[in-house]
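*Asks:* This is what each chain is made of:
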Amino acid sequence: MVRVVKLELKGITKRFGSLVANDHIDVVVESGQIHCLLGENGAGKSTLMNVLYGLYEPTEGEILIDDIPVTFRGPGDAMAAGIGMVHQHFMLVPVFTVAENVALGAETTKSGGFLDLDDTRRKIREISDRYGFDVDPDALIEDLPVGVQQRVEIIKALVRDAKVLILDEPTAVLTPQDTDELLDIMRQLKSHGTSIVFISHKLREVKAVSDTITVIRRGKVVGKADPEASTTELASMMVGRAVSLTLDKAPANPQETTFEVKDLTVIAPSGQHVVDGISFGIARGEILAIAGVQGNGQTELTEAILGLHDRVHGSIVLDGEEILGRSVKDVLNAGVGFVPEDRSLDGLIGTFSIAENLILDRYDQAPFAKGISMSPAKVLENAKTRIEEFDVRTPSGMLAAGTLSGGNQQKVVMARELSRPLRLFIASQPTRGVDVGSIEFLHKRIVRERDQGTPVMIVSTELDEVIELADRIAVLYKGRLVGIVPAGTGRDVLGLMMAGVSLDDAQADAAVKHPAHRPADNPVDTPADTTATNPAPAAPAAQEPGSGAVGDHHE
Amino acid sequence: MSTTATSPVPGQPQQGKPQPDKNRRQAESAKPVTWKLPVTLSVLATVAFIFFGLLGPQATAKFGVSSGGDFFQLPAIEVPAFLSGIVLSLILLGLAGYALVLKARQNQRPPRWLPAVFTVVFVVAFLIWVVGGARTPSISLAGLLAGSVTLAVPIVFGSLSGVLCERAGVVNIAIEGQLLGGAFTAALVASLTHNPYLGLLAAAVAGALVSMVLALFSIKYVVNQIIVGVVLNVLVSGLTGFLFTTVMQSDPEKYNSPGELPNIEIPVLSGIPVIGPILFKQSVVGYLMYVAVIVIWIGLFKTKWGLRVRAVGEHPQAADTLGIKVNATRFWNVTIGGAVAGIGGSFFTLVAIDSFTKEISGGRGFIALAAMILGRWNPIGAFFAALLFGFADNLQSIVTIIGTPVPSQFMAMLPYVVTVFAVAGLVGRSRPPAADGIPYVKG
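Protein chains in written order, with the working numbering: chain A, 252 to 806; chain B, 8 to 450.
Simulated from the structure, these hints should not be mistaken for laboratory data.
Built from N, CA and C at the ideal position, the CB exists for glycine as well.
One thing to keep in mind: the hints can contain errors.
Unchecked claim - The calculated lysine-lysine pairs, modelled on BS3-like cross-linking and capped at a C-alpha distance of 25 Å, are: (1) B:332 x B:227; (2) A:361 x B:309; (3) B:110 x B:69; (4) B:332 x A:361; (5) A:374 x B:309; (6) B:449 x B:227; (7) B:332 x B:261; (8) B:110 x A:729; (9) A:580 x A:257; (10) A:261 x A:580; (11) A:500 x A:471; (12) A:635 x A:621.
Stated by the list, open to error - Now the stretches of chain A that chain B is said to cover, found in silico as 3 or more residues with beta-carbon under 8 Å: (13) 317 to 328; (14) 349 to 358; (15) 462 to 472.
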């Protein structure tokens, strides 16, 4: 059988210039265990694993395999030592077949350097059969769904005889169902003797599969945790203070529908209909959350509303006025607040000061501008108020926005967008890569905007965030609207819908499953999650908000 | 679903899901089919119908097939220009119509053979039209084709250089400089040593040296690859021009009389009409060309080396995480590419003309770049694309001799018109290596 390996990281320190990404980290991965590294974004988990995989050289410390110190000069050395890694962003060549990707770097050759892909195919089938992966060795990677691509990555590691498998945020790109399958695969791998280092910030998954949990905060190990510990305990360890997992949200009080999208279609340069005939409306004082796996048209939908796309058909009406076809500036002036999904790319200008970033959309309007001149004093004054109001942690508004942490950057974007009277508020991935403390704050601000009577549209790929914030949930799949469901709809139903299953089928499917109760360690259902055991998702029970939502956001 | 209800194994209940998911994804993942190709073909077919068909010449075009040296003689082909113009352009219209119908009815891409067949028929129709309208409506087909191959040789080598570099992710604009450097060095070394074979070898070294400068700056110092390439072309052009006037012209006997590489005729086989002179009556450089095309193709697509090279050009990070040295692979590929182009350059001074003159490569390095794109970064594709350019080049000089209705200046434009069409991507979808031109910096 597989040789078992004990892996030990001793006093690993990694500095990038003055930044200490890892500070004397000690981790021991016992053989045949699923060892979870839990920590917020930017805590230093990925850096640590890149050190272990030979991509970075540690500044200090050593790696021990079976108590023997080893030095990795590159990933090749790490692989030779039996360490495999599945990166957060897959390392697969899209135009190669599965077999070619698996063979790459560890090719079997016939005489003369000729590739022997048959041998690779055989190995893939062997592993695929053993774990029930169902992977065709001759399929092109770019044609495969994300979940299958991830299995190819796992096969890649197993073909190289990995005894320790590092999974870096493996569930970030998966639907809830794919996630369950992955957790299941992890258990299978464990039973075959492979140790797994599981990097995550998603408490639900961590609790479901881990044998040991090491919590990392700001580059340091802050302690070990028991997988039996409650989500609240784990969350506070990860964040370093007590956090409230529940969002106090009054029930929605929807008034008249003032924002309406009808038959909206967005055509990409490739000719593909990335948004395909979508219709929905949002009432004042209501949050509509758009759920879906990344890349199913959410980005294009929000951008189309803002006027960033050229080839858009249909109609977008705000307060009785058509806003489709108007310039972005007109749309903003019509009272649309917009938080883009990638704040560093579209939300902020990193080299500009915080104060300047806070008026990016109103730099030419009073009181900040008079004729052709700007009034720096007014700009700074505005910055002071906003920084205080939104609790942006910075010594000065004159600092470049790019120097702020993710959470504080997001607060700046949110502060800018919420500091004028709005008639529609759109926030795309409002808490992606944001620390837990800021998430709480940002969510409260979003709810407050709703309570002031603004129609609010949230786009999030995180089901937990959707469930927590939404008054109604619209699910997108391949640019089409699968359906709109009320808040409190079961996680199972939403998950199926995110995979393109229609609402009716999803409900039927979820209902069939429930009579046969799942085991206690079931990946998606923490004991606190009441909806999952609800036999009739069509009549949803009260969802406990925020169960495990802490840190459920990704980089 | 019945099995899932009875199975309490976690993960199992999801079995019902991937099926619809997977099927849909696979159906939709293909790139959308555009109207570009069917419309382009239709326009070309209509042009062919009007000019080659309706306005075609009434004469009979005569194509000589055999040359004096063949071991058996075939009669010349005589075709009525007007009739064949009509027939061939109707075939073209049919092909274009088929492509249109496929797109309109089933939203399908035309089969892969269609553009190729279309091109061949179009060229034949064009040829008959040109020859039929000439003052002396008779040309030697064998001569035309053999001449095309000859003119294509440096272009083929150049495009192979491009394939080698760009498959590894480095844009090689410096092909022109590599050809020119090869041509100059071949002439100089062959003159000094009185051995054209040493000249050939020196050309490869010179091309590789030019390439190493490109590799050094674009890989190690991460300078924009296009800019380095352009600068290298100017540098080599200036340097060879300077040395030509100051050194070579001071004593052409000594420095610029390389002597020719002999033509090697393979007995019997070279006597086959049409094919014989193309395949079996070549200079060493010509034979090397065929070898290079095949070896590079096999190397890229059938060996471990090729898999790694392509991975480096498509997704260098993935290659890096698998322990492949990305920048070293790129460096050596660019160097080998330069050597290949250098050999192509020696063709100018050791085979075509037996002396060096300024700018002897005459922009063929850029045509080679176009051939590489038209050939979709595939050595065999690039070979045939280069042949097409060689053909256009040769046709131009032949029709000038026989006298055609079209001004020869327009014929001279032909290779460049074809290039523009090719590079604009009008002939099918061409997809460069994903990391082409993007430097790889670790971390």
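*Asks:* Compare the structure with the hints numbered earlier in the document and write down the numbers of the violated ones, lowest to highest.
*Replies:* Checked against the structure, the hints that fail are numbers 3, 7, 9, 10, 11, 15, while the rest are satisfied.
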